[in-house]
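Note that the protein sequences, when read in sequence, are chains S and W.
For the first sequence, our numbering begins at 22 and goes up steadily by one.
For the second sequence, our numbering begins at 119 and goes up steadily by one.
Honestly, the hints are just simulated from the structure, not real lab data.
These figures come from a predicted structure and were not determined experimentally.
Don't take each hint at face value.
[Claimed, not checked] So these bits of chain S aren't anywhere near chain W, every CB distance computed over 12 Å:
1. Ala-45
2. Asn-166
3. Val-175
[What the hints assert, rightly or not] Chain W regions said to be covered by chain S (calculated; three or more residues, Cβ under 8 Å):
4. 176 to 183
5. 186 to 198
6. 201 to 207
7. 228 to 236
All C-beta atoms in this analysis are idealised placements derived from N, C-alpha and C, irrespective of residue type, glycine included.
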Amino acid sequence: MSADDRAKHVYWILIVAPLAVLAAFYLYPLSKVLYLSVTVPTPGLGNFAKLVDSSAVQRILLTTARICVITTTISLILGYLIAYTALHVRRGHETWILFVVLLCFWLSVLIRAFAWLTLLQSRGVVNTVLMDLGLIATPLALVRNEFGVILGMVHYMIPYAVLPLYANMKGIDPRLVPAARGLGASPLEAFWKVYLPMSLPGIISAGMLVFIFSLGFYITPALLGGGKTLMIAEYIAVQIIETLNWGMGTMLASTLLLVVFAIIAAMARFVDLRQVFGVK
Amino acid sequence: MTYGQRTQSGRGPAVFTTWVVLLFLLLPVTMVIPVSFTPHRYLSLPGAEWSLRHYATLLTDPSWLRSIRDSLVVACASTAIAVAMGTACAIGCWRVSSRLSEALRIVMLAPIIVPTIVHALGFYQAWVQFGLIDTYAGLIGAHAVKGAPYVVIAVSASLANVDLRLEQAARNLGATVWQTLGRVIVPSAKPGMLAGAIFAFITSWDELVVNLFITSRNVYTLPRKIWDGIQDNINPAVAAVATVLIVLTLAATLARVLYERRTAAPEEE
Numbered sequence: 022m023s024a025d026d027r028a029k030h031v032y033w034i035l036i037v038a039p040l041a042v043l044a045a046f047y048l049y050p051l052s053k054v055l056y057l058s059v060t061v062p063t064p065g066l067g068n069f070a071k072l073v074d075s076s077a078v079q080r081i082l083l084t085t086a087r088i089c090v091i092t093t094t095i096s097l098i099l100g101y102l103i104a105y106t107a108l109h110v111r112r113g114h115e116t117w118i119l120f121v122v123l124l125c126f127w128l129s130v131l132i133r134a135f136a137w138l139t140l141l142q143s144r145g146v147v148n149t150v151l152m153d154l155g156l157i158a159t160p161l162a163l164v165r166n167e168f169g170v171i172l173g174m175v176h177y178m179i180p181y182a183v184l185p186l187y188a189n190m191k192g193i194d195p196r197l198v199p200a201a202r203g204l205g206a207s208p209l210e211a212f213w214k215v216y217l218p219m220s221l222p223g224i225i226s227a228g229m230l231v232f233i234f235s236l237g238f239y240i241t242p243a244l245l246g247g248g249k250t251l252m253i254a255e256y257i258a259v260q261i262i263e264t265l266n267w268g269m270g271t272m273l274a275s276t277l278l279l280v281v282f283a284i285i286a287a288m289a290r291f292v293d294l295r296q297v298f299g300v301k
Numbered sequence: 119m120t121y122g123q124r125t126q127s128g129r130g131p132a133v134f135t136t137w138v139v140l141l142f143l144l145l146p147v148t149m150v151i152p153v154s155f156t157p158h159r160y161l162s163l164p165g166a167e168w169s170l171r172h173y174a175t176l177l178t179d180p181s182w183l184r185s186i187r188d189s190l191v192v193a194c195a196s197t198a199i200a201v202a203m204g205t206a207c208a209i210g211c212w213r214v215s216s217r218l219s220e221a222l223r224i225v226m227l228a229p230i231i232v233p234t235i236v237h238a239l240g241f242y243q244a245w246v247q248f249g250l251i252d253t254y255a256g257l258i259g260a261h262a263v264k265g266a267p268y269v270v271i272a273v274s275a276s277l278a279n280v281d282l283r284l285e286q287a288a289r290n291l292g293a294t295v296w297q298t299l300g301r302v303i304v305p306s307a308k309p310g311m312l313a314g315a316i317f318a319f320i321t322s323w324d325e326l327v328v329n330l331f332i333t334s335r336n337v338y339t340l341p342r343k344i345w346d347g348i349q350d351n352i353n354p355a356v357a358a359v360a361t362v363l364i365v366l367t368l369a370a371t372l373a374r375v376l377y378e379r380r381t382a383a384p385e386e387e
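This is chain W alone, in the form it adopts within the complex:
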């Protein structure tokens, strides 16, 4: 593809405004970082003196450590279930490819479309009935169904370019259905499974609203701890944890962008 227009002049104002908007996007994110080094007990910019005390809190206060552990447990378990559900559905829909299967695939996407507050109420009601309130199984289950649609989308995208006849060919050559699935289709779906898993993991790791309704003391995730930290007079330890998460997100995004840049064919420059 050619971009004949790329460096044309006369777009100065648009380009300038874009960079201003991008600065607006980055502004709050960057301001949290110095605040996390404040020596004070309240949120403020550090003056001459910088302190690591709020980072020390993160590493020594058992409630922060516990919330990180809970978040990891819930996110890993729910991601595994979401990947299994989403991959199965996407592979089935890819092969069957009828009007009905297309419609069912849209149904699988419901958790993305339905506003979180609506299913949060539903989860609460049903989980009371199932005895799942404030249990790991309960939160993992809720996060798994919330994460599955992202896997469906990502795996469907991976399979979109796989020739359906490949499946036929494998079976004509004597492979059973399960062998075909395990050796031909799942390997083709792997990039999508990975991308979907990342999405599902982050969905669970960040999830707060459902959390607020179906957990209390027993399961206590990081977003919950941050939320409580903000409510109760804004503990600056939240700024420290925010900084850690910002750095992690930055590193992951950078890695991805650089990776894509390396794998994409060099077109210019």
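Looking at chain S on its own, in the form it has when it is part of the complex:
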């Protein structure tokens, strides 16, 4: 065996060793979830039949889908605006815009959900101030409902939308829009027909990331939904922790997993996944 072959073996071991750990301590646990979903309480697809039969399950799926679509749309629009502005203001301002985005990005999800709770609950800061000013007589229901959940999720997701969009827009040649303007396009036309299509890969990446993360969100909906607005992740946790219904819980978890993979597979046709996840 030549020295080169030996070297190659070492590098393959470097790849295989961590993968073996991943297989034992991650992929195996995941396979257990999939396995339980078709074996508990009885073997077969009985659990999955509830996706079509049970109106409770369908209500949860519908709520989850609705909240995720709304969250993704709002986060993308606001994220696009922030990324675009950051690249078109003075450099000093750009630094501060990115600073705020990164600060929120790094801040604990639990702390952020808690902060919204402090602000919005019935004896919270907003209601207290409004009542002291005499603008309202009874506290507004700002939290423990879908409004609170969406607010908290949009707040969490905006940085996740900004960062891929910003990375994409940074690569757009800044001379293109002036060129289009020089050729007679109005500012709106230049944006709509030149800039927006160029930023489409960024929009797809950001949209996919935000939507996937939103689907499995647990902490924010649990705290800001107050048990009234149930999304799928919290519903799964309730199945396991409170009713010990492993069949239903793992079935929903498997469904969630398959939906996420289906979305990624569909999106792989439009964007380079390695780029989205930053390994290229």
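Let chain S serve as the given structure and place chain W on it in line with the hints.
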């Protein structure tokens, strides 16, 4: 690169709306700070009187101190394992660079893509079988595999600009594979290892969902303590701990932004 467009006029509404959105991002964060100084036993804005009693709770209540200690232990240990796993994988993939290794690298990223609730159930099931429920080893292991993908990403980025021939050259000059790794490749990977380590540490430090499923009394981390503090009638000590974490995050982010600004070539102003 030139930004010919930077200070062009006519973008007023977009710029204004952006600052409004940024205020929205900062709003809840800033409001927690005064709340943490409330003299009351419930969450409220302090009136005329400000109090440090909730900070005193943090420093004197053994359960808060213990949760901070547990979080530090778990985060440090899991970060070390994640860095080892992630760096090895990224270096191997960088050198081998075949279709198969590229595919395997994507597999390593699974813990980022799979929704947390799904692997939380899996960890619970497997950890029961392995006897790891409510142990430090169990939580450290789960956090390590969750953190490893971030290290893979960061180290891969560091190595992306390193010439593959460097490895060849080192060995042609007589270095063994291990010497090449230790003296040539790992030093090039160091910035990525550091960035990945920070990501892995924060992932573990913030992690709650897996925690809720695989720990109970024995291992009791800070997010768990905060979660219980919120559930049980919202203890204002949570606002104090939130303020501390906000200040720490602020300092770290500021340091990073200022550092990048200093190292980046001055282009304007």
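Comparing the hints with the structure gives:
1. For Ala-45/S, the shortest C-beta to C-beta distance to chain W comes to about 9 Å, within the 12 Å cut-off, and the non-interface label is violated.
2. A cut-off of 12 Å between C-beta atoms confirms that Asn-166/S is not in contact with chain W; the least separation is 17 Å.
3. At the 12 Å boundary, the C-beta of Val-175/S falls inside the reach of chain W, the nearest C-beta of that chain being 9 Å off.
4. With 0 residues carrying a beta carbon less than 8 Å from a beta carbon of chain S, the stretch 176 to 183 of chain W misses the three-residue requirement, and the given coverage is violated.
5. Beta-carbon proximity to chain S at under 8 Å applies to 0 residues in the stretch 186 to 198 of chain W; the threshold of 3 is not reached and the given coverage is violated.
6. Using a Cβ-Cβ cut-off of 8 Å, 5 residues of the stretch 201 to 207 of chain W lie near chain S, which meets the minimum of three, so the contact claim holds.
7. Counting residues of the stretch 228 to 236 of chain W whose CB falls under 8 Å from any CB of chain S gives 9; the rule of at least 3 is met.
Taken one by one, the earlier hints fail for this structure at numbers 1, 3, 4 and 5, listed in ascending order.
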